[in-house]
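Engineer: Chains as they are written, first to last, in full-length UniProt numbering: chain W, 1 to 283; chain P, 1 to 283.
Possibly wrong hints are sitting among the right ones.
Restricting the straight-line Cα-Cα distance to at most 20 Å, the calculated cross-link-like pairs of lysine to any residue (SDA-like) are [as the list claims (entries may be wrong)]:
| # | chain 1 | residue 1 | chain 2 | residue 2 |
| --- | --- | --- | --- | --- |
| 1 | P | K17 | W | Q138 |
| 2 | W | K79 | W | R185 |
| 3 | W | K17 | P | T18 |
| 4 | W | K17 | P | P20 |
| 5 | P | K147 | P | R104 |
| 6 | P | K147 | P | A118 |
| 7 | W | K147 | W | M28 |
| 8 | P | K17 | W | P165 |
| 9 | P | K17 | W | V141 |
| 10 | P | K40 | P | D167 |
| 11 | P | K194 | P | D65 |
| 12 | W | K17 | P | K17 |
| 13 | P | K213 | P | T277 |
| 14 | W | K17 | P | L16 |
| 15 | W | K17 | P | Q138 |
| 16 | P | K17 | W | L16 |
| 17 | P | K17 | W | Q140 |
| 18 | P | K17 | W | T18 |
| 19 | P | K147 | P | T268 |
| 20 | W | K17 | P | N163 |
| 21 | W | K43 | W | V141 |
| 22 | P | K17 | W | I221 |
| 23 | P | K43 | P | T18 |
| 24 | W | K146 | W | R185 |
| 25 | W | K17 | P | P165 |
| 26 | P | K147 | P | R264 |
| 27 | W | K17 | P | A46 |
| 28 | W | K17 | P | Q140 |
Rather than coming from a laboratory, the hints here were simulated on the basis of the structure.
Protein chains: 2
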Amino acid sequence: MALDIIPDIATLRARLKTAPSIAFVPTMGNLHAGHIHLVKLAKQHAQCVVVSIFVNPLQFGANEDLASYPRTLAEDCEKLQAAGADIVFTPSVTEMYPTVQTMRVTPPPIANELCGAARPGHFDGVATVVLKLFNIVQPQVALFGKKDYQQLFIIRELVHQFNLPIDIIAGDTQREDSGLALSSRNGYLSSAQKLEAQRLYRTLNMIVDNVQKGHHDYVAIEAQSSQYLTQLGWIVDYISIRSAATLLPASATDTELVVLAAARQGNTRLIDNIEFTRSFAST
Amino acid sequence: MALDIIPDIATLRARLKTAPSIAFVPTMGNLHAGHIHLVKLAKQHAQCVVVSIFVNPLQFGANEDLASYPRTLAEDCEKLQAAGADIVFTPSVTEMYPTVQTMRVTPPPIANELCGAARPGHFDGVATVVLKLFNIVQPQVALFGKKDYQQLFIIRELVHQFNLPIDIIAGDTQREDSGLALSSRNGYLSSAQKLEAQRLYRTLNMIVDNVQKGHHDYVAIEAQSSQYLTQLGWIVDYISIRSAATLLPASATDTELVVLAAARQGNTRLIDNIEFTRSFAST
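Chain W on its own, in the form it takes in the complex:
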């Protein structure tokens, strides 16, 4: 079946009225294999797969890349058609925000840490637009990538705390052969920066190895890793070992862990993370 491209809410709602089940993949477009992986996962969960493409002004800070964020609708639609998506919802800013959005979703306190510390208001904007999109699409299932780990955590909280009747399914981070996590922002990198960018995932793997070998001074490991990247020209926002259940700094008793990092190559901010289960007993 052909992909339906629908830019307005009324048409989308009318089209979805007869859908027996809906899986939803919200995106900002410039789709890569990470998004397509989510679309394919979505097809396993519902008969109608809806993908939204909307570069949401609310989640960009004043000095961020809203204007330059890559917009590639034609290529995106080709990829979605090939992946078997049924509908792509492509609202304008006016369609999503016909009046000033004075009401927001206040995210949980964890939104002020990690990426939220460097991007104040970012997760307010994410939670607000995702709630709006959920109410427009009314899916039974929604899919998010694990690369945006903190975002995934906050969306799960949104669903839990606001009693949304939606199952959230997480897709594994898709990577280049080099290990570099796929991201629309990788397109900003020069070839030299892109080569160096591989080091972010390697550093996270080194941290996991260190923890698994029995090192448990997480603060020291974080500081050393951060210093290592800084010496190589990175600007490090954070490297942090956290509890996967709470996203709070990991304690000695936590075994389900995630190590997360955000660091810049030039003006390009990259993020990545690895979930892991600590394989030794606490000392």
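With chain W's structure known, arrange chain P on it following the hints.
Structural biologist: Same frame as chain W, but now just chain P:
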């Protein structure tokens, strides 16, 4: 049909899965003819009428009447059965808030004026619980009374700004023969206070008459009315002539108006309002 009393979300969702259409009346219980009027309106709009009874801690301030708020479940259920409601949803605080509600809905700026000025955080709590209840019940139609005019305004904004697929229907304020607006809080009044309480609606009617006679210095009218009630022993929170469309202070060009008041008899806070169309041209 008998009224179903359902205290938990899972049972309610299962029961509503087969409902062809749902109208929803959220309440805090202690039902009076104002609530019953909404239930009867609801029956005109859907085949299944759900009423919730939940005294929501989130919308009470620290020094307010959460503990003493009247809880009269048995009588409420009798009234709902007689009025033809199908389901009453009676969740516990733990059912609605199984974990700390760290995420909130930020209401629009108007939430800081009128009742919001005297009750900081009140409309955050209202908007948050109403959004949760909407997501639990998933009605096509929801009904609110005009007595809580600012609340009704904020709920309409909630639906608009978060793209909720719900029609909001307003029920007219129900009154005693004396004109006193029905309210669960009227039960707090002594008989002398209740007699005096009638004056609130009479005062609002006097204000409407004054405006219709051509007086257009709204600030002066508000001040005079407030002084009048204060001299008679009331503690006046506000008396305000506003645009019905925006709830902002009415300007000379506004013709669709509402006059709202909140004032206390002893410890009991009463609110009331009158919508009206200004019947003379601006001078």
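Engineer: Against this structure, judge whether each hint is valid.
Structural biologist: Here's how the hints hold up against the structure:
no.: 1; hint: P:K17 to W:Q138; verdict: holds (15 Å)
no.: 2; hint: W:K79 to W:R185; verdict: holds (18 Å)
no.: 3; hint: W:K17 to P:T18; verdict: holds (16 Å)
no.: 4; hint: W:K17 to P:P20; verdict: holds (14 Å)
no.: 5; hint: P:K147 to P:R104; verdict: violated (25 Å)
no.: 6; hint: P:K147 to P:A118; verdict: holds (17 Å)
no.: 7; hint: W:K147 to W:M28; verdict: holds (14 Å)
no.: 8; hint: P:K17 to W:P165; verdict: holds (12 Å)
no.: 9; hint: P:K17 to W:V141; verdict: holds (17 Å)
no.: 10; hint: P:K40 to P:D167; verdict: holds (16 Å)
no.: 11; hint: P:K194 to P:D65; verdict: holds (19 Å)
no.: 12; hint: W:K17 to P:K17; verdict: holds (16 Å)
no.: 13; hint: P:K213 to P:T277; verdict: holds (13 Å)
no.: 14; hint: W:K17 to P:L16; verdict: holds (18 Å)
no.: 15; hint: W:K17 to P:Q138; verdict: holds (15 Å)
no.: 16; hint: P:K17 to W:L16; verdict: holds (18 Å)
no.: 17; hint: P:K17 to W:Q140; verdict: holds (13 Å)
no.: 18; hint: P:K17 to W:T18; verdict: holds (16 Å)
no.: 19; hint: P:K147 to P:T268; verdict: holds (16 Å)
no.: 20; hint: W:K17 to P:N163; verdict: holds (16 Å)
no.: 21; hint: W:K43 to W:V141; verdict: holds (10 Å)
no.: 22; hint: P:K17 to W:I221; verdict: violated (51 Å)
no.: 23; hint: P:K43 to P:T18; verdict: holds (17 Å)
no.: 24; hint: W:K146 to W:R185; verdict: holds (16 Å)
no.: 25; hint: W:K17 to P:P165; verdict: holds (12 Å)
no.: 26; hint: P:K147 to P:R264; verdict: holds (16 Å)
no.: 27; hint: W:K17 to P:A46; verdict: holds (18 Å)
no.: 28; hint: W:K17 to P:Q140; verdict: holds (13 Å)
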